[in-house]
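Chain F is already provided as a structure; the job is to place chain Z on it using the hints.
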Amino acid sequence: MRTSITRNRILTVLALAGFVVFLVYAQTNWDAYRLRILNLCAVYTIFAVTFNLIYGYTGQFSLGHAGFAAIGAYAAALLTMSPEQKAANFFLAPIIPLLRDVEWPFLPALLVGGTLAALASLLIGWPALRLRGDYLAIATLGFSEIIRVLFVNWQRITNGSLGLKGIPDHTNVYWSWGAALVTIFVVKRLVDSSYGRALRAVRDDEVAAQALGVRLFTHKMMAFMLSSFFVGVAGGLMANLISTIDPKVFMFFLTYQIVGITVMGGMSSLTGSLVAAVLYTVFLEVLRPIESPFDLGPLHIPGIPGMRMVLFSTLLLLVILFYRQGLFGQREFSWDGLLNTLARLHRRVTGLWGRTPPPSTVEKGEQ
Amino acid sequence: MSRKKVLLVWLTLSLLLSLVAAGPVAGQEDEIVIGVYEPMTGPQAAGGELTMQGVYLAHEVRPEVLGRPIRLVLVDNRSDKAESATAVQRLIEQEGAVAIIGSYGSSNSMAGGEVAERAGVPVMGCSPTNPLVTEGKDYYFRACFIDPFQGRVMAKYAVEELGVEKVAIIQDVAQDYSVGLAAFFREAFIELTGDAKGIVAFTAYQTGDQDFTAQLASVMAKNPDAIYAPGYFGDGALLARQAREMGYQGYILGADAWEAPELIEIGGSAAEGILITSHYHPEAELSPASQPFVELFMEKYGERPSAFAALGYDAYMLVVDAIERAGTDDPKAIRDAMAETKDYEAVTGTITLDKNGDAVKDAVILKVEDGEFKYVGTVKP
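Quick mapping for you: the protein sequence lines, in order, are chains F and Z. Taking the numbering used here, the leading residue of the first sequence gets 1, the next gets one more, and so forth. Taking the numbering used here, the leading residue of the second sequence gets 1, the next gets one more, and so forth.
Short derived list, chain Z residues pointing at chain F, Cβ under 10 Å:
hint : residue
1    : Trp10
2    : Ser79
3    : Glu83
Hints in this document: simulated from the structure, not taken from any laboratory. Think of the CB as a built atom: it goes at the ideal place given N, C-alpha and C, for glycine as much as any other residue.
Extracted from the complex, chain F is given alone in its bound form:
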């Protein structure tokens, strides 16, 4: 057992090193289009992983992601923009003096964004986490809309519906994937700890968990705030990636997208969230040519805008029909599982297509 743990550690370190090499390669060699997609993958990964923490692991159906992302995005944007850009942006009503001349580096701006989002989640979580199921969903959805409406009306802080532009494009793959890896690491460590088991207990049965001595409110609050913190950071990354934001970006549609990705990947599977987020972002781009006119043999197919959304919806439909639990269900990626699968494949190939009994064992290894 000890050797396999060491082996897995080494493999993890190697994989991480490989990934870093890949990021360096991508940042220096890829064109801006691919880099943008790679960055978006990371942002959506953070969104999905954090939603998984609050819903998949803790069982609290919160629909406040868009609101927290908005807080993080606006904080990071206002803190990193240059005073000249702010002056140009706020042409209807001047910005409040407090924010007028600040121009921070990226990291503190992101952290402030995350912290503000976490504080906001404390405010909303205090009353709302006492609610369950649908009621919590409604309360958090309402909260996220309140944030948006506030941002529309705070003309002198957020420039209202005119939005902000000229946000410095600090986000590159190191920032975005760095943040995504930290998020995955922290969430993974949390859900594997005793706190994580308590969270799952809360999810499965609140009364039983309470009877076993789990402090419901504290645990829910912790998961909620942690998740909001990273959502805020992801919002900041997004703002500095597309370099312009306005309150319309943070409509509830963003939350639904995140829920969709997470459900597709599988509740309580971080691997699932990661894979689904990357799949979602990459696939929508890969499928783009379908919308332009093309020839399929003798058939001329005219371009139909929205075709890729149709194809994508069928994918979601297939996943829901055949994989009720999402692509990964509750399973996580593990080196043991991967090696087992590889060994099985190897056996099958060397067995010259010989029928091996169907592998029914589910790979469910610990990391």
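Same frame as chain F, but now just chain Z:
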């Protein structure tokens, strides 16, 4: 196993399909690629669709420039900001667009503009009217006028032609478009009348509101000669109905986003007499190019062109004109030629681009009469 097979088959099929689709496009060597990014799906799809009618027609009329064929590549931006940025990036990197047209919705255009600016590819906006779209951008231009101008036009018309002395403004605080127009209308109105008290009320609603009675009651207590409500047509129709039902007798003024058949359908008799500013009307002889366009459009689509279709047509023609004058397909040269656009006879008027890249041209005033938008007059910049 069968589930996995279904999924696998689906994945391979759709990937194959996209490969096939991507395949034969890059055919001709000497073609010039003009990219278009518009909302073809999502909440703004209707606007994108109208714009594309004009762009397609323009492409049919002028399919080549500098003796080389033009390939028009449309990418959908899903009415989404992040997607707009990706779309423009794709047009530049993957499709090799030397110039770009788009997008309906200022929010989308601002996201696309940041990308185009960095890549150094010129963009011609068709209908984004938020001043921030071209502000500080060397590579963003537009075929339409901007909100400040439109607000000023209506203020001028209200003061000089209608003799309005007291006006109430109801803005949609969630729309940059509406906030901008309201602010500039107010500024111009005060400037023209010299009377800050002439603005008797300045109130707001949110996109999606259905009930305007509270705002209207407070506004009507001030007894204004006119109500200026520069929002979208759905809100406008409801607002007009509720105002008339509450016994309001004065003028109701709106802006170009009210120019939709729905304003009249929903508004019914309450819509009669509404005055709006707009970019274009088929009857307005804005330039010698107007009439031939209307005929061509009727022939192709069997209906009268909307302002957005006209702007889409103009945006394409302005881009082609710039490429022709540049004499090359180098984006930088096209940009320089575009910046020098002067007295171009477009469908929506004679266009000169100012130093910000915004079109300076006439606006038209339309009035709803007998269930139709009638042309009332033209206001010069």
